[in-house]
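On the provided structure of chain A, position chain B with the ligands as indicated by the hints.
Going down the list, the sequences are from chains A and B. Following full-length UniProt numbering, the numbering of the first sequence begins with 1 at its first residue and continues without gaps. Following full-length UniProt numbering, the numbering of the second sequence begins with 1 at its first residue and continues without gaps.
Everything labelled a hint here was simulated from the structure, so no lab data went into it. For every residue, glycine included, the Cβ atom is placed at its ideal position computed from N, Cα and C. One thing to keep in mind: the hints can contain errors.
Pairs of lysine to aspartate or glutamate, EDC-like flavour, derived with a Cα cap of 16 Å [unchecked claim]:
# : chain 1 : residue 1 : chain 2 : residue 2
1 : B       : LYS98     : A       : GLU310
2 : B       : LYS93     : A       : GLU306
3 : B       : LYS269    : A       : GLU49
4 : B       : LYS98     : A       : GLU309
5 : A       : LYS226    : A       : GLU169
6 : B       : LYS243    : B       : GLU60
7 : A       : LYS230    : A       : GLU203
8 : B       : LYS98     : A       : GLU306
9 : A       : LYS86     : A       : GLU169
Quick list of simulated restraints, FRET-style, between CB atoms [what the hints assert, rightly or not]:
#  : chain 1 : residue 1 : chain 2 : residue 2 : range
10 : A       : GLY196    : B       : ASP198    : 47 to 57 Å
11 : A       : ARG328    : B       : LYS98     : 25 to 35 Å
12 : A       : LYS36     : B       : ARG135    : 52 to 62 Å
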Amino acid sequence: MLNSKLFLSDKIFKKDIEVKLMRDGFGLGLLEAGEKDPRIVVLSADLKESTKASYFAEKFPERFIEVGVAEQALVTIASGMANYGKIPFCTSYAIFSPGRNWEQIRTTIGIDSYPVKIIGAQSGLNIGHYGVTHQGLEDIALMTVIPNMNVVVPSDYLEAKKAILLMAEDNKPYYMRLPRIESPVYTTEKTPFKFGKANVLTESKNPEVTIVATGLMVYEALLAYKELEKNGIETIVVNMHTIKQIDEETIIRQAKLTGAVVTVEEHQVIGGLGSIVSSVLSNNFPVPMEILGVQDRFGQSGKPKELFEEYGLTKEDIIKAVKKVIARKNS
Amino acid sequence: MKTHTIDELQEVAKEVRRDVVKMILKAGAGHPAGSLGMVDVFVALYYAILRNDPKNPEWEDRDRLILSNGHICPARYAVMSHVGYFEHKNLLKLGSFKSILQGHPDKRFLSSLETTSGPLGSGLAQAAGIAYAARMDQKRFRTFVITSDGEHDEGNHWEAVAFVGKNNLSNLTMIVDRNNIQIDGFTEEVMPLEPLIDKYKAFHWAILEVDGHNIKEIVEACNKARAIYENPTVIIARTIPGKGVPFMEGNPNWHSKAPNSDEVREAIKDIRNMKGEIEDY
Ligand SMILES: Cc1ncc(C[n+]2csc(CCOP(=O)(O)OP(=O)(O)O)c2C)c(N)n1
Ligand SMILES: [Mg+2]
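One chain only, chain A, in its complex shape (with noise of 0.2 Å):
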């Protein structure tokens, strides 16, 4: 049963359910941010257009800032625009921005705690064509490592544009990833956001796993969930769109209400959701757990759909986890 709380959207198994660009959620959410606060700086690293940074600078031309390509320049301008007292939101892709600019943001922004937003977009297998080297799958580790970084990963279009109003209005580094392609809108305005707040998308008398998931895998998780139901599994399906601060109570609950825990997410396993999740659990309810994700393997071209099944990121591929783990627990 969905959660009824949640408000999801009532198309939310439908073939029309409407599919948008999480990337517009940011982009137009920024400008909504930008009508409010006039602190708020917008910097480019030559990614005006893909990025949706381009909604902003038509807009506020005068509070968009053009860097060239040039990612370190991005993050260190932005730092010494935060210490003067400006919102900076820099927009790159996810593998340049942290992946090629990752000291200076360790050093320039995380070490003083500004309040600078890292907007990497293009993350993940989805990117499809452009292949291994556009393909950013280590982002959450490098992000989630720096002490006083906050690291959101949103679901849909509607998550990526509360997220972005909210970190607008909070003093603090965030990291936010965005994947390429277009997804379902499966939640709605009312849907309540918080960061820190996992929410708990289905509800049950008796289920048997709980599978956590993030970004594009949430919707991914959902069809799992509603195949599963269908063969009398029941399981609980969490959207963890904060990685860090990662929500622990919820994951403890979890772990205790079902015993079982699922991962899944489109990163590296290693110092991804899984990771953390893993060690939120052994350090207070150990239960066995399946890990999805990219298994310490490089990206390469192909349709998102032809990789996430080369990588194990499909609903079948929870399934499978889902009736694994329930093995293990009952052994």
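Just chain B with the ligands now, with coordinates in the frame of chain A:
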């Protein structure tokens, strides 16, 4: 390989341009402007300059060609197929799953690419490492590296410019694709590069300039660079983005019009995504 006349090479370049357009349309993604603009340079390199053997791509003493701005790989792929590195039919699999021709150059799938590339600004430094190491071992081969104008925004590139200059890596030749555009607009608007020649001079490089669509000039400049023993050489190739495809290059705005106008922005966008026929990343 047999030697070709310039006329023959111009014919090859025409075929390659046809290939590039077909490849990118079939893939539904890619960078036509930069790729088409550099076709003549790749033809000159593979047919008349590089000392290599397509049948023996691992030959130790081959000249190296590093492509830093990996997004223009369709042009390199097409020329490589014409000189016999792999079968021509692979071209239409650009960027598809398991294809040897990945969306950006991926050495795991095709070792003759020398390096995996796409992220801008790193190719010159890699080439410098190869050239430096080769000189340590008294190797005679030459390292060529292609870079774009847009990637001159990157610190990594200029760090390498200094290193190459300091170490007088005269066994290295860089060809710069000076097409005046990058993604967000004209280079001189996004991040001015001029005076580019003076900048390289200040770092102790020898500088040559060519019309990047004149194969004869490109070949002569590369031969001249081989004979310069005192300095590394940069060849600034003036190119027209989208060269050879009328609806892409037909617009005279490329060199003259005020960079700020919406029309120019639209033209740049049109060229980048082939008037909306391919996906815009
Ligand atoms: C480090 C890095 N940052 C950003 C990008 C995205 N990007 C791809 S092509 C490009 C434009 C660079 O200009 P140029 O290479 O001159 O493009 P062209 O003339 O071929 O259109 C950018 C910013 C990248 N590939 N690498
Ligand atoms: Mg260019």
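Exercise. Given the hinted pair LYS98 (chain B) and GLU306 (chain A), is their alpha-carbon gap at most 16 Å?
Worked result: 10 Å, holds
For this session: Given the hint that LYS98 (chain B) pairs with GLU309 (chain A), test it: the Cα-Cα distance must not exceed 16 Å.
Result: 13 Å, holds
Problem set entry | Supplied distance hint 52 to 62 Å, evaluated on CB atoms of LYS36 (chain A) and ARG135 (chain B) | 59 Å Cβ-Cβ, so the 52 to 62 Å window holds.
Problem set entry | Pair hint outcome, LYS93 (chain B) versus GLU306 (chain A) [Cα-Cα no greater than 16 Å] | Roughly 15 Å between the alpha carbons, so the hint for LYS93 (chain B) and GLU306 (chain A) holds.
For this session: Given the hint that LYS269 (chain B) pairs with GLU49 (chain A), test it: the Cα-Cα distance must not exceed 16 Å.
Result: Given pair LYS269 (chain B), GLU49 (chain A) holds - Cα atoms ~10 Å apart, limit 16 Å.
Exercise. Has the hinted range 25 to 35 Å been met by the Cβ atoms of ARG328 (chain A) and LYS98 (chain B)?
Worked result: 33 Å, holds
Exercise. Given the hint that LYS230 (chain A) pairs with GLU203 (chain A), does the C-alpha gap stay at or below 16 Å?
Worked result: 15 Å, holds
Exercise. Has the hinted range 47 to 57 Å been met by the Cβ atoms of GLY196 (chain A) and ASP198 (chain B)?
Worked result: Since GLY196 (chain A) and ASP198 (chain B) have Cβ atoms about 53 Å apart, the given range 47 to 57 Å holds.
For this session: Verify the proposed pairing of LYS86 (chain A) with GLU169 (chain A), using a straight-line Cα cut of 16 Å.
Result: 12 Å, holds
Exercise. Given the hinted pair LYS226 (chain A) and GLU169 (chain A), is their alpha-carbon gap at most 16 Å?
Worked result: Outside the cut-off at roughly 37 Å; violated.
Problem set entry | Given hint GLU60 (chain B) paired with LYS243 (chain B) - CA-CA distance at most 16 Å | Cα-Cα ~35 Å, so violated.
For this session: Please work out if LYS98 (chain B) and GLU310 (chain A) have their alpha carbons no farther apart than 16 Å.
Result: 11 Å, holds
When the structure is compared with the earlier hints, violations turn up for hints 5, 6 and for no others.
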